[in-house]
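For chain S, the structure is supplied; the task is to place chain Z on it using the hints.
Take a look at the letters that make up each chain.
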Amino acid sequence: MSERVLVAGAGAIGSLLAAHLAQVCDVSVLTRRPAHAQALCEEGLRVSGRAELRAEVRASSDPGELPEPALVFICCKGTDLAELAAALRGHFPSARMTTLQNGLGAEEVVGAQGDWPLLSGVTFMSGTRHSDTHVEYILDTETWIGPGRGSVLADAEEAAALLRSAGLKATAFPDLLPAQWSKLIFNASVNTVAALTGLPHEPRFAAREHPADLGQLVFDLIAEGKAVAAGAGVELAEDPWEMNLHATRRGAAHYPSMLEDVEARRPTEIDQITGALLREGARVGVPAPLHTALYRLVKAKEASFR
Amino acid sequence: MRVCIVGCGAVGSLFAANLATLPELEVFAYDLNVDHVAAINRVGLRLTGAAELVAPVNALTDAARLPACAFGIVATKAMHTEAAIAASAHAFADGAVASVQNGLGNEEVLAAHCARVIRGTTFPAGRLTAPGVVAWEVQGDTTLGPYEDSPASFEEVARLAALCSRAGMPASAVADARGPQWRKVIFNAATNPLGALTGLSHGALCERPALRALASQLVSEGTAVASAQGITLDADPEELIDYAARPEVAYGHKASMLQDVEARRPTEVDYLNGGIAEFGRRYGVPTPGHDIIRALVKGVETSWGT
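Respectively, the protein sequence lines represent chains S and Z.
When you line the first sequence up against the numbering used here, it's residues 2 to 307, in that order.
When you line the second sequence up against the numbering used here, it's residues 200 to 505, in that order.
Hints in this document: simulated from the structure, not taken from any laboratory.
Here the structure is a predicted model, which means the values were calculated and not measured.
Be aware that one or more of the hints could be misleading.
To be verified - Restraint-style ranges between C-beta atoms, simulated for each label pair:
1. Tyr450/Z <-> Val25/S: 45 to 51 Å
2. Pro465/Z <-> Arg307/S: 25 to 31 Å
3. Phe125/S <-> Ser426/Z: 43 to 49 Å
Said to hold, decoys possible - Some chain S residues near chain Z, calculated using beta-carbon distances under 10 Å:
4. Pro212
5. Leu215
6. Leu218
7. Val235
8. Pro290
9. Leu291
10. Thr293
11. Tyr296
12. Leu298
13. Ser305
14. Phe306
Said to hold, decoys possible - Chain Z stretches covered by chain S per the calculated footprint, using a threshold of three residues with CB under 8 Å from any CB of chain S:
15. 403 to 413
16. 430 to 444
Idealized CB from N, CA, C, for every residue including glycine.
Excised from the complex, chain S in its bound form:
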């Protein structure tokens, strides 16, 4: 129990990490809302679904009230990252910061607020928050970690080993960018279609017998994304179309977070996901007309909530 960990952001992913890590080390949780922190201190965390766990955690909405951790997992949504990173400014100077956001650029947002050593992460886990203190573990899939500014592969391996010791699936990579891009293209192609159609990620996303089939659209979106990656000189870790096929064959339909956001009429991560892909496309001169169209539709759908 020597390792001291901070989980910053207690949504579904943060809650899953905190509850698992609390089985093997000292865990603090930084929340946005004081009432959320209070509930965690009083009731602890409960995980159901893929794992049944209860965990006691220390929690606060003020980083100044929490002890200095060796390792931080930043688990908020991309839409909340700038605010959270600013709140961390000036705190925990010797901690190593791990970003787990969708899309690209989280490392830069955090790195701008302090000179902490950084790790890059992507996670494929998913869960559904039922309350401030109860999260259902839906997909017990991998988390991948690679070194960022001021870190080396051994640091990423140490963080991955810690997650594994807590019962999670984790792997370290010398360079995370290829995996980040695979997930970026996957998310940009699947989450947007789910958000616009109201469909969870299910077998229709892989069906492409007819030109108007949804799978054909997803296929074309992924092809566009791959062209941008190739233009940016990124060799993908996994083929996003294979990821799509695999995920739709898993059985239970998965509700991407962007669909949950739209149903709750919240802002989505469209700027962090499709926006990042389009910015890269513009930078390297590869057009992405289908992603552009979906970006515009999702942005307009968000506007209809106001």
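What follows is chain Z alone, placed relative to chain S:
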């Protein structure tokens, strides 16, 4: 003279009630909405809004009871054309049948059952507010022309146009009615699904430059498909889109496809974007925008079953 409206929803009711004000016409209406038909037979068909009137219309849900009619005006949703005309075609053995429906392909379906077909396009719009009552919300012109493969005589077309005009629904007879039809189809296909996918009214979506640009992409694909067939649009759909966005025209109008999506009814996307894409394939004109829009709206429709 007897006239029958086939499909007495909002648009069908506008034709039925206005034509029934002409003393020389006996107007029948065939529709499957039992409550609407009963109310019409009990107290007449009532219009509010652009005109306030109550007109005597013989409404029925059993097409077998229709007498021989000189004209049929088909105003069903496009997916119901086949069933509606198969049941009612006997009444038009000596008559001419006009489609005033949305989308592409309706005349082909009518011609499989009727010898003399009129290609029509109509702009008036309304809403069924109660059984027997229709709010007339948008006034506009109707264009009628002989359907090329199975034409009514031009004299017949002109006679129907004159009847509509005298009844308060301005209509003109033209030799080639494809231009007005494609103009409306392109207008609808470029705007209705954007409203349906985002929840925005016509005016609100036109105010977002990125979404307005997406509409322009759909317009130019549609115009290219029309040109490839030698069809000259009678007006620029772009101007119609901007005109309709004015506060005094249809700024706040929720497209019928958005109304369908909100009520979880099947939409006409197959006959709008799907129709343009189908003609595009036939004439070798790519329609990537219409393909993705169709796939997304079909995805929305299937999400209601999951």
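* Asked: What are the numbers of the hints the structure violates, in ascending order?
  -> Checked against the structure, the hints that fail are numbers 1, 7 and 16, while the rest are satisfied.
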